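A.B. asks: If you read the protein sequences in the order shown, they are chains F and X.
Residue numbering for the first sequence is 1 to 426, as defined by the numbering used here.
Residue numbering for the second sequence is 1 to 314, as defined by the numbering used here.
Keep in mind that the hints were calculated from the coordinates and are not lab data.
All values derive from a computational prediction rather than experimental measurement.
Each statement offered as a hint is correct.
Think about it this way: if two alpha-carbon atoms lie no more than 27 Å apart in a straight line, the pair counts; the simulated DSS-like pairs of lysine-lysine are:
1) X:K266 to X:K61
2) X:K290 to X:K72
3) F:K231 to X:K290
4) X:K290 to X:K78
5) X:K31 to F:K231
6) X:K200 to X:K255
7) X:K266 to X:K290
8) F:K231 to X:K61
9) X:K53 to F:K231
10) F:K188 to F:K231
11) X:K193 to F:K38
12) X:K206 to X:K266
13) F:K188 to X:K78
14) X:K32 to X:K78
15) X:K72 to X:K61
16) X:K194 to F:K38
17) F:K231 to X:K78
18) X:K255 to X:K193
19) X:K290 to X:K53
20) F:K231 to X:K72
21) F:K38 to X:K200
22) X:K78 to X:K61
23) X:K290 to X:K194
24) X:K72 to F:K188
25) F:K231 to X:K32
26) F:K376 to F:K406
27) X:K72 to F:K181
28) X:K255 to X:K194
Counterexamples of contact, computed for chain F against chain X with all Cβ distances above 12 Å:
29) T157
30) R340
31) F398
Here a beta-carbon is modelled for each residue, glycine too, at the ideal position from N, C-alpha and C.
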Amino acid sequence: MKLFTSVCVVTLFTAGLACAQQGTTVSSGQDTAALEQKVRDLEDRLVALEGQMRVLKAQAGQMPAPIATLTEAASEAPAPAESVAAASAPVILGGAGGSAAKALNPDISMIGDFVAFAGGNSIRPSPSLEMHESELGVQAIIDPYARGDFFLTFGETGVAVEEGYITFTALPGSLVARVGKMRSAFGKVNTMHNHVLPWVDRPLVSQNLAGGEDGIDDAGVSVERIIPFPKSIFLSATGQLFRGDSGTGDQLVFQSHRRGDVSTVAHLRGYRDLNESTNIDLGFSYARGHNELGTNFITSLYGVDATVRWKPLRRAIYHSFVGRSEFIWSQRQQAPFEQRAFGMYASGEYQFHRRWFVGGRYDWSDRPRDANLTDKGGSAILTYWPSEFSQIRGQYRFTDYAGDHKTNELLMQVLFSLGAHGAHPF
Amino acid sequence: MKLVLSRAGCLLAAAAIVTASLFSPSMAAAKKLNVITATTDLASLAQEVGGDKINVESMAKGYQDPHFVEAKPSFLLKLRQADLLVVVGLQLEIGWLPPLITQSGNSRIQVGANGYLDASQFAEILEIPQGSITRAMGDVHPLGNPHYWLDPDNGRRVAKGIAGKLGEMDPEDMAYFQQRFQDFDRRLSEADKKWQADMKPFHGRKVITYHNSAPNFAHHFGLNVVGFVEPRPGIPPTPSHTLEVINMMKRDHVKVIMVEPYFDRKTPDSIARETGGTVVEYLPSVGGVKEVTTYFQLFDYDIALLMKAFQANP
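Let the hints inform the model, and build the full structure from the sequences given.
C.D. replies: This is how it looks when you write it as structure tokens:
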């Protein structure tokens, strides 16, 4: 690489010299213009070479570091942090520096989710202070045909693979397929990780009917395709096949008793821009699997979700609004009667300042195992963003659990993100 | 068990049928290349060299902060039809573009595929950080400043790169693209002469910008960016930093504050009031205002604004 650079320099120098010599002999404006052109061309070539060098450096991750880096590194101490700058293609190096040799390492991020609760709740108790979740994200392009994403969540005691899947991006027929463990495409909240929710907790309907915090999250296969539709409407269909295990304890939704007890999820999504700042997103979901009572006991879930977003493009970093609602119907076979439960939430979040968001949520949900029992609640939320990489959130939550158990709680959350800059969810 | 499998089978079969029946209307318009760019400036450059042999559209609008574009599904409709995706690169689009590319289901434009073009490889990149960087410095770009298109020399280089790429993808029209590039190059050189002449009296003038998005512009036109309204990239103004900026501007007789159209004017306006300076709402991108529809008009507009501001504050 050093040789390469010196060749460039010599070329330029020679060119400059040539220009100078010619400049003294000829003085007509045309020739000067021609020379200027020549110098400019050479400059362009140098910039082009520099660009190629950046690309090469980024690609040749496995190769030894360029000589320039090595010599500098030799004079310095071990970790040559300088080379963070060296790789200049879309490859993110970790915050602690590294060398070009690490350019092919995956993007690594860690998100901390600390939650505090105040007030009493005997129905769904939570600890007062808790490092609720530490999510490790490891993401990379695997090969020209696929990318891989892992999200490992550490609780205070255990570890779980929240998601870990390969996405095939180069399939024919515009298909996008995923294989691995993933949050299923049932509705909106189910697809969202904790740290992207606009609330500290999850809505009652998710807790009661759709598997709680983990949601319908299982190992399987997913196929998605955009369906062409006129009038600039975006339509996409997703079909998923899972082993059939989701949720635990009283939040269990599906349980597989034998290999044939697979569960299926289907999702149809329609989206339209109403204008450049406002858009509407509609979804229809279906999930079916076996419940804990046995192979012959089926639980079916039907869902409708609607989202309205507003974000004026000229002031996108200062103001926005997201209104969202989901309706879920659960049909659960059990003795002696099938239970048909319904639940919903409606929420809104308004950004009134670059760093401030205010929101509210209304909750209503039957219990799936006894649909005569209904929980209701409401929340008010205030969120502050010190930067894109951290959030502080307070939430007041009132819940009226079935059987006249009323609770008032204050929830507080601190979210912080380390490492690679992940994409913002939409 | 049978029931379950047959239902699952039905679902998959249905998906397969939908897929098969809706195959490939995208192959129909083979002649014109579909080019999607991340920003309007790249679209404008692609249009200059692509002429009527390409359809080109930008995802971000010119009056939008290119760091914070929403990954709307409507972009997927464009991306799935694209033959070529041109991006600014240097992590400018990292917050929104990667999931769109993955979800597009378009193998031609995946990162590293033939239809993915990172325009930063052609441009002169400034401010590539040396030494260790941390987010304590704000939302820094570890690969260098991505606002490189505001230097006409880089505009020419990127246009040349795009012309080369178009020729590679559509060899029949290679000569056409090259000829269009030559023409663009000639017109740009002429325009640049005028811009340089216009800016010559103001060489070395000190300015403040809101975000660090004008180093290439300043480099080309000989301006001296001495401070930013943001205390650190991506961090909103703080009272103490604003005070520092005001004091510095008074001390060094800095009179011009350049602000991108997508930032709040409150702080820059109050700085201008305190220092007797002028706020210039310059355009970082084509399409920032309705009248500016080409790469040429972008510089015409910005330079006219700056000249006026410099003349008003001698």
